[in-house]
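K.L.:
If you want the building blocks of each chain, they are given just below.
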Amino acid sequence: MKLLKLVPDNTNIHFLRWRLPFYVVSVLLILASWGLVLTNGLNLGVDFVGGQMIRVTFVGEQAVPVAKMRSEISALGYGDPIIQGYGGSNEAAIRVKLPEGADEKPDLANTMTAKIVATLKAAHPNIRIDGIDSVSGKVSSELFSKGLMALSFAMLAISVYIWIRFEWQFGVGALFALFHDVSLTLGFFAITHMEFDLNIVAAILTIIGYSLNDTIVVYDRIRENLKKYRKMPLPELLDLSVNETLARTVMTSLTLLIALIPLLIFGPASLFGLAAAITLGIFIGTYSSIYMAAPILIWLGVKSDSFVPTETAADKQDRLAREASMP
Amino acid sequence: MLDFPRWKKIWLWGLVLAVAIVSLPTVVSLAGQQWPASLPDPKVNLGLDLAGGSQILLEADPRQITQQKLESMEETVRTEMRKASPAIRIGDVSTAGDKLSFMVENASDVDRARELLMPMINGTGMTREWTLSVVDETRIVLTPTKEGLDTALDQAMDSAKDVIDRRINAIGTLEPTIIRQDVDRIVVQAPGQQNPEALKELIGKTAKLEFKLVDLDALPADVQAGRAPAGSEILPYAEGGQKIAVRRLGGIKGDNLVNAQQGFEQQTNQPVVNITFDQQGADKFARLTTQNVNKPFAIILDGKVLSAPNINEPIRGGTASISGGFTVESANQLAIALRSGALPVDLKVIEQRTVNPELGKDSIERGLIAMGVGTGLVLLFMLVTYGRFGFYANCALVLNVLMILGIMAVMNATLTLPGLAGFVLTIGAAVDANVLINERIREERRRGRRVMQAVETGYKEASRAIYDANITNVIAATLLFLFGQGPVKGFAVVLVIGVITTMFTAVTITRMWAAGWLRRTRPSDIHI
Numbered sequence: 001m002k003l004l005k006l007v008p009d010n011t012n013i014h015f016l017r018w019r020l021p022f023y024v025v026s027v028l029l030i031l032a033s034w035g036l037v038l039t040n041g042l043n044l045g046v047d048f049v050g051g052q053m054i055r056v057t058f059v060g061e062q063a064v065p066v067a068k069m070r071s072e073i074s075a076l077g078y079g080d081p082i083i084q085g086y087g088g089s090n091e092a093a094i095r096v097k098l099p100e101g102a103d104e105k106p107d108l109a110n111t112m113t114a115k116i117v118a119t120l121k122a123a124h125p126n127i128r129i130d131g132i133d134s135v136s137g138k139v140s141s142e143l144f145s146k147g148l149m150a151l152s153f154a155m156l157a158i159s160v161y162i163w164i165r166f167e168w169q170f171g172v173g174a175l176f177a178l179f180h181d182v183s184l185t186l187g188f189f190a191i192t193h194m195e196f197d198l199n200i201v202a203a204i205l206t207i208i209g210y211s212l213n214d215t216i217v218v219y220d221r222i223r224e225n226l227k228k229y230r231k232m233p234l235p236e237l238l239d240l241s242v243n244e245t246l247a248r249t250v251m252t253s254l255t256l257l258i259a260l261i262p263l264l265i266f267g268p269a270s271l272f273g274l275a276a277a278i279t280l281g282i283f284i285g286t287y288s289s290i291y292m293a294a295p296i297l298i299w300l301g302v303k304s305d306s307f308v309p310t311e312t313a314a315d316k317q318d319r320l321a322r323e324a325s326m327p
Numbered sequence: 001m002l003d004f005p006r007w008k009k010i011w012l013w014g015l016v017l018a019v020a021i022v023s024l025p026t027v028v029s030l031a032g033q034q035w036p037a038s039l040p041d042p043k044v045n046l047g048l049d050l051a052g053g054s055q056i057l058l059e060a061d062p063r064q065i066t067q068q069k070l071e072s073m074e075e076t077v078r079t080e081m082r083k084a085s086p087a088i089r090i091g092d093v094s095t096a097g098d099k100l101s102f103m104v105e106n107a108s109d110v111d112r113a114r115e116l117l118m119p120m121i122n123g124t125g126m127t128r129e130w131t132l133s134v135v136d137e138t139r140i141v142l143t144p145t146k147e148g149l150d151t152a153l154d155q156a157m158d159s160a161k162d163v164i165d166r167r168i169n170a171i172g173t174l175e176p177t178i179i180r181q182d183v184d185r186i187v188v189q190a191p192g193q194q195n196p197e198a199l200k201e202l203i204g205k206t207a208k209l210e211f212k213l214v215d216l217d218a219l220p221a222d223v224q225a226g227r228a229p230a231g232s233e234i235l236p237y238a239e240g241g242q243k244i245a246v247r248r249l250g251g252i253k254g255d256n257l258v259n260a261q262q263g264f265e266q267q268t269n270q271p272v273v274n275i276t277f278d279q280q281g282a283d284k285f286a287r288l289t290t291q292n293v294n295k296p297f298a299i300i301l302d303g304k305v306l307s308a309p310n311i312n313e314p315i316r317g318g319t320a321s322i323s324g325g326f327t328v329e330s331a332n333q334l335a336i337a338l339r340s341g342a343l344p345v346d347l348k349v350i351e352q353r354t355v356n357p358e359l360g361k362d363s364i365e366r367g368l369i370a371m372g373v374g375t376g377l378v379l380l381f382m383l384v385t386y387g388r389f390g391f392y393a394n395c396a397l398v399l400n401v402l403m404i405l406g407i408m409a410v411m412n413a414t415l416t417l418p419g420l421a422g423f424v425l426t427i428g429a430a431v432d433a434n435v436l437i438n439e440r441i442r443e444e445r446r447r448g449r450r451v452m453q454a455v456e457t458g459y460k461e462a463s464r465a466i467y468d469a470n471i472t473n474v475i476a477a478t479l480l481f482l483f484g485q486g487p488v489k490g491f492a493v494v495l496v497i498g499v500i501t502t503m504f505t506a507v508t509i510t511r512m513w514a515a516g517w518l519r520r521t522r523p524s525d526i527h528i
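Those sequence lines, one after another, are chains A and B. The opening residue of the first sequence carries number 1 in full-length UniProt numbering; numbering runs sequentially from there. The opening residue of the second sequence carries number 1 in full-length UniProt numbering; numbering runs sequentially from there.
Just chain A, with the same shape it has in the complex (with noise of 0.2 angstroms):
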């Protein structure tokens, strides 16, 4: 059996040689990103603003009758609601912000919640109520600063964390492609206005914890060829870091889209926003462990021995041998 290789061996691209264009448009990207999260902003769920969301299906019906909803909820006086498709074509979700004084007095939520639900169930008897979320605002406060200082702290942890495993240099690479993957990620929340909830900040963190799995394993093999190749240039040993690392790469982004895709075509209409998310943060998190995390790398001025000290008796063996067999 002949088997699948679907990069080539001992590929020799010069990723490096566009690193000041890639970098600028990355950069221009991330300020882009930041620029319609400021401007458009994310529509973020009731997680993160508070008030209430009942996601309702239509048994046996094409669509939702959205304009008709609208104005039977608007007709009970609780402000206009604002309805949204939700998985299925016969599937939304109603947002409507809670009453005033509803955080001293939680019985005035409780009245919204059966008024709606009474006058839904009455004017569309096909009608299922399949969730309520209600939260106040000061549970939805609390969530969207929890959900900042995770993805803040993480970022910062893993980055310490490369620092000490690799060096300096490394750490603040690591951090500078986190920060972009991030950015990014951001930029494509504002810009296709999708419900920004809880979900989204779990997938967040999870492509902040992904997409630096394609950067170790490029760096770790920067860190052994820094050692191995004592004179080589710096930009040339990055690229062949890269080159030598390339299937690796692809492969594991790769394997991580096979299984995630059939959730975003199968899955509960729940995880739709989770499962785009992280499957968009795969192929960022690539391109930023080659054109981010690398070439900063030159910048920051990595020195072939860097590693020297850390170079232990085992490593130095290994070293001799290796060198000692090559050709």
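None of the hints are false.
Counterexamples of contact, computed for chain A against chain B with all Cβ distances above 12 angstroms:
| id | residue |
| --- | --- |
| 1 | Pro21 |
| 2 | Gln62 |
| 3 | Ala122 |
| 4 | Phe188 |
| 5 | Glu236 |
Quick list of in silico lysine-lysine cross-link-like pairs, DSSO-like style, CA-CA up to 30 angstroms:
| id | chain 1 | residue 1 | chain 2 | residue 2 |
| --- | --- | --- | --- | --- |
| 6 | A | Lys105 | B | Lys304 |
| 7 | B | Lys146 | A | Lys138 |
| 8 | B | Lys200 | A | Lys138 |
| 9 | B | Lys208 | A | Lys138 |
| 10 | B | Lys361 | A | Lys115 |
| 11 | A | Lys115 | B | Lys348 |
| 12 | B | Lys205 | A | Lys115 |
| 13 | A | Lys115 | B | Lys208 |
| 14 | A | Lys105 | B | Lys253 |
| 15 | B | Lys361 | A | Lys121 |
| 16 | B | Lys460 | A | Lys228 |
| 17 | B | Lys161 | A | Lys105 |
| 18 | B | Lys460 | A | Lys231 |
| 19 | B | Lys205 | A | Lys121 |
| 20 | B | Lys208 | B | Lys295 |
| 21 | B | Lys83 | B | Lys253 |
| 22 | A | Lys115 | B | Lys304 |
| 23 | A | Lys227 | B | Lys460 |
| 24 | A | Lys2 | B | Lys460 |
| 25 | A | Lys105 | B | Lys200 |
| 26 | B | Lys200 | A | Lys115 |
| 27 | A | Lys138 | B | Lys348 |
| 28 | A | Lys138 | B | Lys161 |
| 29 | A | Lys146 | B | Lys146 |
| 30 | A | Lys138 | B | Lys205 |
| 31 | B | Lys304 | A | Lys138 |
| 32 | A | Lys97 | B | Lys348 |
| 33 | B | Lys200 | B | Lys243 |
| 34 | B | Lys205 | A | Lys105 |
| 35 | A | Lys105 | B | Lys146 |
| 36 | A | Lys68 | B | Lys361 |
| 37 | B | Lys348 | A | Lys105 |
| 38 | A | Lys138 | B | Lys99 |
| 39 | B | Lys243 | A | Lys105 |
| 40 | B | Lys161 | B | Lys304 |
Source of the hints: derived by calculation from the structure; they are not laboratory data. Even for Gly, the Cβ is constructed at its ideal location relative to N, Cα and C.
Please build the complex by placing chain B on the supplied structure of chain A, with the hints as guidance.
P.N.:
Frame of chain A; chain B shown alone:
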């Protein structure tokens, strides 16, 4: 690296087998089959988003604890000063600004008052509960300490949890989970419950019952305007919007009840709640009613007056019935709440999530389909890319999934919808370790290493990157677990367990298989 002594093999296989067996009940139940009841069944719990049900997050108001402490201290101070011999006269008692302050009318009594209060401010526990200071020589100021308040809040939350537990158990049909969260919160989860309103009605009610004398001297105009005469407070009626003035102190609290039952009043056949006091409560109630015959007293529930009947004769038997425009259902609910005891502090619903069980079932189904398709594709991909070594990786992957389920079952962890996504992700990531190893073996072979040496180097060199990469994943997932909430925590749990099992199955187990095969056949070339 490729050495596997017999004891190590037995140990590894034993572990794999044990964990796989533990995962069986979960696998069977996820597939929608019945697990035989006669067998033990450590099972992964399904989160509310998969099983359907309601979750309610309740929060206490810590200020209320302060207020209660101040009030009971005020009672204590008044009693102690009166009981002192000779009695110490005090005045201008105030509980404003979260402290209790009062004037000692005779400045020479200040030291004696301080002596009397000393045992009180130290409390019963290890912490000092109050600080006492004297201002302007005659004013004593008592401030509750932070430690004392924290302890009080902690105790209040503990007993609130017990009260909620008793109330829900009184209905008997639910299997709730009640957990304390942070310092001032309680989460109640009830699987399957479709109508959270009834649940909220039951647990949200404080059920603080009080009997207080009506202040007959208060001017009706003052009462309607909400101006309370000294020593009194204005309370609204539960129904009708009327107000009434009652004496603030000297009443009876409903925490001395031994029983409460819904019943009917004999003459009008209206639903009422019959209550029975314990001995202490009965004595107090007898004293109050004896001293105040022919005066009205208010029956107050959660700060609202249910009724204010006249005391026609002393009530000595320790039983009473409360009427107040109940329906049979609301009388029954109040009886349950009173039997279970009052919540020591008001609880507010600050978050509530409900999922229809039908949607949960649908989510599981779709999640499993996605997982099945994803797994199938990954298995195929690994097989066509790495041949025999891909096959090893695949077997390890199946073991991996079983191990995650088994560990979750033993830990009694909860599988949530995002947790399912975590599984899918783990499946994609688990084989990554094998990709790194196998690619390295390919590389070493290309460089001309012998088969044995190439495999050995492959595992050794790749392990370092695998290790680093997985640590970063654990960092991200741990932070998600610490800061995340609800279902998202379930995602983090699966990721963390998945990383640990992956290190075991994808690295150690496949190495054992590869080593065994190499040893048996000693191939001169491998297809990888």
